[in-house]
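Quick note, the sequences are listed as chains X and U, same order.
Residue 8 in this note's numbering is what sits at position 8 of the first sequence, and the numbering runs on without skipping anything.
Residue 391 in this note's numbering is what sits at position 391 of the second sequence, and the numbering runs on without skipping anything.
Note that these hints are calculated values from the structure, not bench results.
Simulated coverage check for chain U against chain X, where a stretch passes if three residues somewhere in it have a Cβ under 8 Å from a Cβ of chain X: (1) 63 to 74; (2) 78 to 92; (3) 105 to 119; (4) 529 to 537.
Label-pair distances were calculated between CB atoms; the ranges are: (5) PRO22/X / ILE572/U: 49 to 55 Å; (6) ARG55/U / VAL33/X: 21 to 27 Å; (7) VAL41/X / ALA84/U: 21 to 27 Å; (8) THR63/U / VAL33/X: 21 to 27 Å.
Here the structure is a predicted model, which is why all the values come from computation and not from measurement.
Ideal placement from N, C-alpha and C gives every residue a C-beta, glycine not left out.
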Amino acid sequence: MGPGGEFAEDTALGERNSGDDPMTDLLFVGGMVALFIATIVFIPLLRRS
Amino acid sequence: MTLSGWVELGIFSLILYLLTKPVGLYLVQVLDADGKPVLDRVFGPVERLLYRLFRVNPKEEQTWQGYTLSVLAISIVSCLFTYAVLRLQEHLPLNPQKFPGVSPDLAFNTAVSFTTNTNWQSYGGESTMSYLSQMVALALHNFLSAAVGIAVGAALVRGIARHTSQTIGNFWVDLVRITLYVLVPMCTVYSLFLVSQGMVQNFKPYDTAQLTEPFTVQVPKKDAEGNPLKDPKGNPVMEDQKVETQSIAQGPMASQVAIKMLGTNGGGFMNANASHPFENPTPLSNFVQMLSIFCLGAGLVYYFGHSVRSPAHGWAVWTVMYLLFLAGVLVAWHSEASGNPRLAALGVDRRGGNMEGKEVRFGVFESALFATITTDASCGAVNAMHDSFTPLGGLVPLINLHLGEIIYGGVGAGLYGMIIFIVVAVFLFGLMAGRTPEYLGKKIEAYDVKVCALGILVVPVLVMGFTAWAAATGWGQAGLNNSGPHGLSEILYAYSSAGANNGSAFAGLTTNVPLYNTTMGVVMWFGRFLIIVPALALAGNFAAKKVAPSNAGTFPLSGGTFVALLIGTILIVGALTFFPAWALGPVVEHFQMTGSAKLYP
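Pulled out of the complex, with its shape left as it was, chain X reads as follows (with noise of 0.2 Å):
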């Protein structure tokens, strides 16, 4: 459950949304998929030695 999209848009926060522009999409495409390397990254680190 979240807390209160209704206020949300509308609330005085000042910009509600990240950006409408193909770069953005590209920045949070890029950033799930720098997520998932940073937890690949764990599997060789935890390799028993």
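Assemble chain U onto chain X, guided by the hints.
Using the frame of chain X, we list chain U on its own:
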């Protein structure tokens, strides 16, 4: 604390106990490599077809590294898929309300949130998501993330149960069998039950109702291009707007709610989640929803005991979980039933307890019970607003999050989280007693303790680090609706909910801004997978060990001593890490509320 509450608590506990063994035995059939579930005649052909389609050899098992890679691969692919659907929903079908695409940061947050079984929602479902997004992008993860959790739990159990083995099962086989034999059939029956209770299940556009009592609100005045107007001082210009109609949301709710509860996902179709009458229509639906959160988690504990050939150990773990659950319920219930003494000082009748933020259909007990259950497990669905609980009532869900949601827990996640604590507890006992630590006939070595330590430390580091950052900076404070200790609790709860993959919210913090959406996405990802990776590494290491016969020095894994030692380890190692944060948030707030004016005016 009412008699009806005690009776309901007793019935709930009894049914949970009675469900544990049959559900556990069914899970044995599904998760055992040679098991043949009773539904094999129905789903067996589908299972074999899926293996052929995806070229999976069900007899071929994986090492822990291969298993982990499979878990991560399906998670990232499905995460990217969800991101794409949310961004493109305005161009996709089943969008009768013509909702626009979700903003990039919110799509990122939501995709990671549902991939990790968190289901944190920085949006209102009925005002943001199309039916396609709800059913395909989000419900997909409700099934997938639940199946992944159960699969990882099963892999760890296999690792403990086996000896001198290099493999811990086949992830793809586990995923298919859990989905086909457990989640799909159970959710189908469950959805029909929810529909029988009056829950909505349709594809209609939203209804519009004429209000019998229209009212007027003030809204920002906009120019012809839709930009808000401001006066010479820079303040927004407001105008009256008469409200004469109300939108009544529709949609495929029952099917989503069934897996939301059973899979301990928690993401609501509606913004108000299980407090909305469409999403929780009757007292019976409320009771069954609570029970279904614990159902598979409790069954998995029985499956664990059965698989390691020590049912008594399984029941001892079950008892630890039950005692921690009971303690949480009683504290939350008592705090909410006592209400707020400051209101009493103003002449408000407090006999009904603290009813702020609670659905009157459920009242104090049902709200306290639901809040405890949903945070014991990693569900996150709510039928009351945790932000409005008394400080100690709100502290209970917070503590549950900080314990790692190991009390029956998220499906699978609760079990592997608890096993990590058991290994640490046995290791600590070995140190105290001067014995070689040994668990179910296997020696615990430095490597095991290191991976367990990683699994335990990940969440505190993420939660405390990001909470400190948000609390100390403008962007973090900008979303607060409360100042003082309660404001800190709101930020702490948000990151705790994200790190523990719970998804419930304190409801007082606006997080639909780029920095909250992004940082919480990062916390959710690592809070999930940096525990799964060590858990599977532990599984691989345990599977490779030889079994040593038990002797007089072997620590007993059932009975009162084990239960007490495990509870002590969980509280000291798990919870006390967060004690300073509790002291600055809910504990101070409690003293402020109870009138210790000299100490905390």
